[in-house]
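Spelled out from the first residue to the last, the chains are:
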Amino acid sequence: MKGYVGKRIQKVDALDKVLGKPLYSVDLDMEGMLYLKVLYSPHPHALIKKVDASKARELPGVVKVITAADVPWLKTYGLIFKDQEVLVKEKSRYLGDRLAVVAAEDEKTARQALKLIEVDYEPLEVISDPIRAMEPDAPRIHESGQVLCDHPYNKGNVLAIDHLVKGDVEAGFAEADHIFENEFRTQHVDHVALELEAGMAFYDSDTDCYTLWAPCQWTHDIQTDVARVLGIRMDQLRIVQPGAIGGAFGRREDISVHIILPLMAKLTGRPVKWAMTRGESMIMMTKRTPFIFRLKTGIKKDGTITAWQSEVIGDSGAYASTAGSIIHQAMYVSSGPYDIPNVKGVSYTVYTNNTYSGAMRGFGATEAAFAYERQMDCIARDMGWDPAEFRLKNAFRIGSCTSNGQILTTSVGTVDTILTAREHFGGKGIATAPHKKRGVGMATIMFGCGYGEGFPDHSIAGAKVTDDGRILISSAAADVGQGVKTIMVQIAANVLNIPPESIDLADSDTATTRNAGSTSATRQTIFSGNAVKLAAENLLGKIFHRGNVELGRAYPELSTIDGDLILHGTTRQMSLGELAKIARDKGEPLEAEGCYFPRTDIDYGSGQGDVVYVAYTYNTQYVEVEVDTETGEVDVLRIVAAPDVGTAINPTGVEGQSEGGSVMGLGMALMEEQIFNKGITVNPDLSTYLIPTSLDVPDVETIIVESGDACGPFGAKGIGEPAMIPTAPAIFNAIEDAVGIRLYDMPATPEKVLAAIKAKDREVEHE
Amino acid sequence: MAKYPLDLVVNGSKYHFEVEADLRLVDLLREQMKLLGTKESCGKGECGACTVLMDGKSVASCLVLAIQANGSEIVTVEGLGGEEALHPLQQAFIQHGAVQCGFCTPGMLMSAKYLLDNNPRPTREEIRAGLAGNLCRCTGYVKIIDAIQAVAEGRLEQ
Amino acid sequence: MTTYFAPSTLSKAVAYMQENQTTKIIAGGTDLLVAHYQELDRLPGLMDIGNIAELKTITTGQEVEIGALVTHEEIADHPWLQQHVPALCQGAAQVGGPQIRNRGTLGGNLVHASPAADLAPPLMVLGAVVELTGSSQVQVPLEEFFKGPGKTVMEPNQILTKVKFSKPAANQGGAYLKLGKRKAMAIATASVAVIVTVDNNRLADLRICLGSVAPVPLRAHKTEDLLRGQRLDLLELAAGERQLQAEISPIDDIRGSAEYRRQAAGPLFRRALLQAINNVGVTQHG
Ligand SMILES: Cc1cc2nc3c(=O)[nH]c(=O)nc-3n(C[C@H](O)[C@H](O)[C@H](O)COP(=O)(O)OP(=O)(O)OC[C@H]3O[C@@H](n4cnc5c(N)ncnc54)[C@H](O)[C@@H]3O)c2cc1C
Ligand code: FES
Ligand code: FES
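Chains as they are written, first to last, in the numbering used here: chain A, 1 to 767; chain B, 768 to 925; chain C, 926 to 1211.
It is worth saying that the hints were derived from the structure and are not from the lab.
Keep in mind that a hint or two might mislead.
[As the list claims (entries may be wrong)] List of simulated lysine-lysine pairs, DSSO-like, C-alpha gap at most 27 Å:
| no. | chain 1 | residue 1 | chain 2 | residue 2 |
| --- | --- | --- | --- | --- |
| 1 | B | Lys811 | C | Lys981 |
| 2 | B | Lys811 | C | Lys1092 |
| 3 | A | Lys64 | A | Lys115 |
| 4 | A | Lys82 | A | Lys678 |
| 5 | B | Lys770 | C | Lys937 |
[Claimed, not checked] Per the computed footprint, the stretches of chain C lying under chain A, defined by three or more beta-carbons under 8 Å from a beta-carbon of chain A, are:
| no. | stretch |
| --- | --- |
| 6 | 1106-1115 |
| 7 | 1183-1190 |
Backbone N, C-alpha and C fix where the C-beta goes; we use that ideal spot for every residue, glycine too.
Pulled out of the complex, with its shape left as it was, chain A reads as follows (with noise of 0.2 Å):
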């Protein structure tokens, strides 16, 4: 049943922004408002021994300033552990700590108060490597008697340390003909949204209420946190999203303006606007874990994988955010899409004293990949073996058990998508120069939407008819640009068989609208989808049942076509409006809500569980590299991607994803790094943190495979993150394709691909 899903549909808040009218976060204001700016830790780690705010409390047109002496009340936050303070009062951990906030009648005069500031502290020594936290004798980031030290395996800095075990491992490596182990690395990478962190706030003394207008992945979530922080009931906090989002890939999750904001609020009993600026972001804000994996593969010599081993250390900076779940999810999916009966796997979550590390596109699934893409690639070469060839004699299809546990029984496109990519890739071309190399790469990936793992993951929606016959569908998924919007206005449309432009959606508003879970683990097609479908299926129920009483026929007689309600076989028909004004003076509103709960589940000693996931997507990617072997540089010429999404709701979306991910992918393999020396941040801006630039990049062709089946509405999966993982083992394997350099460690800078050419040449040199 295909009305209006499947097709290329313009995003709904398409024609706004090319008008420039949706107002972000930064772009909000109100009468008598005030500016805050935030004085950080002038030491990655160090004991703050003073805090005297008292000359920039004199400077006219300060109102307010405090330091965590004023606000003893509030109480620690975090996504999963509340281990951090709102304001430090005796130590940093990291630069973007908080050690006091200025209100200010503008911004300027707010900045020149900062640097009234006074503070006095000692330093400590900063941990910047995970290893020397591990060390006995590493100090302790966070003290005994911090919030975590409930947590099973707190101890040192190491926060958490999970396991996986499937099968027997050694057995598995006793079974095989070889054995290969290899080290790999990557690195803090910056989310580099466009919209920097902002937002505005409102405390209404009359009703001790806060407003805040800030964007959140999650607003629900970010609701409960905030209220806890400040003592507070959650219906004295209404979070409302701004009218746009410019990007988050995760960043958004974690809290940023949402406590400082409410509570200068309150303090000043003015309104109240913070804007980041893009140094304050990139030091204080989240970071793409980086990790270590040390990988084992046991092979037979037919290319059977028999076992395989994964060590992997991730550095969670100074607090925990999501970083143990996204370590933990990393190791997990350390084996890849490969039938493999044997699967041991450790990671260790390790605090270090470098901005924290939180939810980045692929939450670990990103980083995993880029090791054990690498890994099939260096075995199958060292083997002799063909890269896909190789990679299809393992790949997961129907019936196989993920390293989880988790037989597949629907909608896997492993092989699929592998046969795809390749078919279109064609061949490689011929180099432009004597001294440049051309290789091709390709990678293959899972990745498992929705949270997983036994959470109650579960999306709420609501649909009805207003009375001037549209429909109002009400949704807190928060479009952070990859367009949810769009798609649930297709599936409703599909389902009420309705245009979509007689589609409105409320805003999202903690106020109005029901928890829509995250906007994140490329959860929201499927979920808030999902939520969306039975909504609208609910309410056309609905419609179907009031306009049998109205009109005094059966079911099947009656179609919903365009707005209207129609009999077939007469001229009778009734608007929507009609139809939703009469139902709504008898009591019975058309309305509807949708809610979609899977059931998750996982034994958290093994790894192992029946459902880990709903559903999986997959991905493969092919690149043609061209390497300049005099001086480094990597070009890449092409991506063809042959993602498997089970349905596309709207292809264009799909396309946008997948050529937005893989040149974040891109970047992520040749240049962008977020460099900390001893706990500072020595690149925090664009002009040395480089993400690509249209001239960096290639046409992305993207071929949709769609294996239909799965458990998101019309059979779809999600896109978001799986769009992007491929994309750098498949250069980084181009890249030894084309020049024989193995390089284990992210980014393939032109300078580590020239010292490794050079190194090369002095090996064959020696021979």
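Fit chains B and C with the ligands to the known structure of chain A by using the hints.
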């Protein structure tokens, strides 16, 4: 604090302001004129989100002092086309799916306009070069380039 | 607080600078506004030279003069300059992106004195001279102009008014190549400008200048000496590359290590040299 007279034309209308020397053009547009389509994402000329046309040339409005625009003609995204009369580039961006989060979009449109004003039939490579000063983190640029190429080749659906 | 003055003539500007020595000159502002990001209000005063028409001209002919306010874009797109001094246009075309090239000026690029400034190496190999106007007017060879990162011989009250050089001869050719960490909007990790004079199938003369490998744009005199006079078909390119690598002493920074800069500068130079030789004559018609 000393203020300086500033006369300029923005989106076809004349304006007079008294401004401080350190006010940037992006602040004048956004804060004083409430032309919020122009965005700021780095403040250092690196991202292009703040791109506007100044006397027909694309500039980063975060790197121009408002007072330096004295006597100039400025065009922002609000001056590109209205809802009823979309500029072909705006139409193409919608049709080709060139907009995701939209934060880069106003700047992209202004750079694209500058490009096509000076080179009505650019190659794909020339389009890439014309957008080199505008970062987009969402789209991978592909559909933005498609959209501009469609306008250049007169391939817009009506 | 910041004062602002925008003279319409050079003489007014010069007079103002004599009186207000702490005033900062602003041209395109693309370096100044970045350097003082979020601190513009702390500048004592600004003199905007953007209205001074006499600084905006390009004079072509046997003697070429480019006004300090000429933008990168104007240089890159200038047909005569493209034909006669392609290396300079290549430099200008590789500065930042369009928005930066539309505002950034020749004068600002030189006075800012970044070791990576893209106009410095091509102008240096052209033997350019800068004209500085203050209490008097002086001409300084560009080779003597730079004193270190951000440092020049200029006095606080001087204005850089123009850059002059002679049109390259028919048997000369030039090229400029830049290496960065991405393909656009990248400050050079290393860059090379070369100008060659070819006579009788010999490399009668050459000048090489590198960017980003020393505190100031660096002439590679020894490499020039090594290759000067060699027959084009017997050019000792490998020896030239090695000499060049030996001659420079780059540093480690965020854009690249010393080692990488040294390694990459060799081939970059070789390519620039061959391109410059290729450009001999090609660019001289008309
Ligand atoms: C995003 C970005 C990318 C960039 N990329 C590059 C690049 O790739 N390559 C490159 O070389 N540069 C690059 N730059 C630097 C910059 O654009 C150039 O150096 C530009 O030419 C500076 O000129 P301006 O007129 O903008 O200088 P301004 O900022 O106006 O001035 C710079 C300095 O020079 C002084 N000054 C200016 N003109 C004069 C004069 N006539 N007499 C005396 N003093 C004067 C000013 O007082 C100030 O100290 C980039 C800058 C940005 C923001
Ligand atoms: S905000 Fe002006 S270029 Fe980024
Ligand atoms: S659409 Fe989001 S940055 Fe371009």
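These are the hints, each one checked on the structure:
| no. | hint | result |
| --- | --- | --- |
| 1 | B/Lys811 <-> C/Lys981 | holds, 25 Å |
| 2 | B/Lys811 <-> C/Lys1092 | violated, 36 Å |
| 3 | A/Lys64 <-> A/Lys115 | holds, 15 Å |
| 4 | A/Lys82 <-> A/Lys678 | holds, 25 Å |
| 5 | B/Lys770 <-> C/Lys937 | holds, 21 Å |
| 6 | 1106-1115 | holds (count 8) |
| 7 | 1183-1190 | holds (count 4) |
The structure is inconsistent with hint 2 alone, although it conforms to all the rest.
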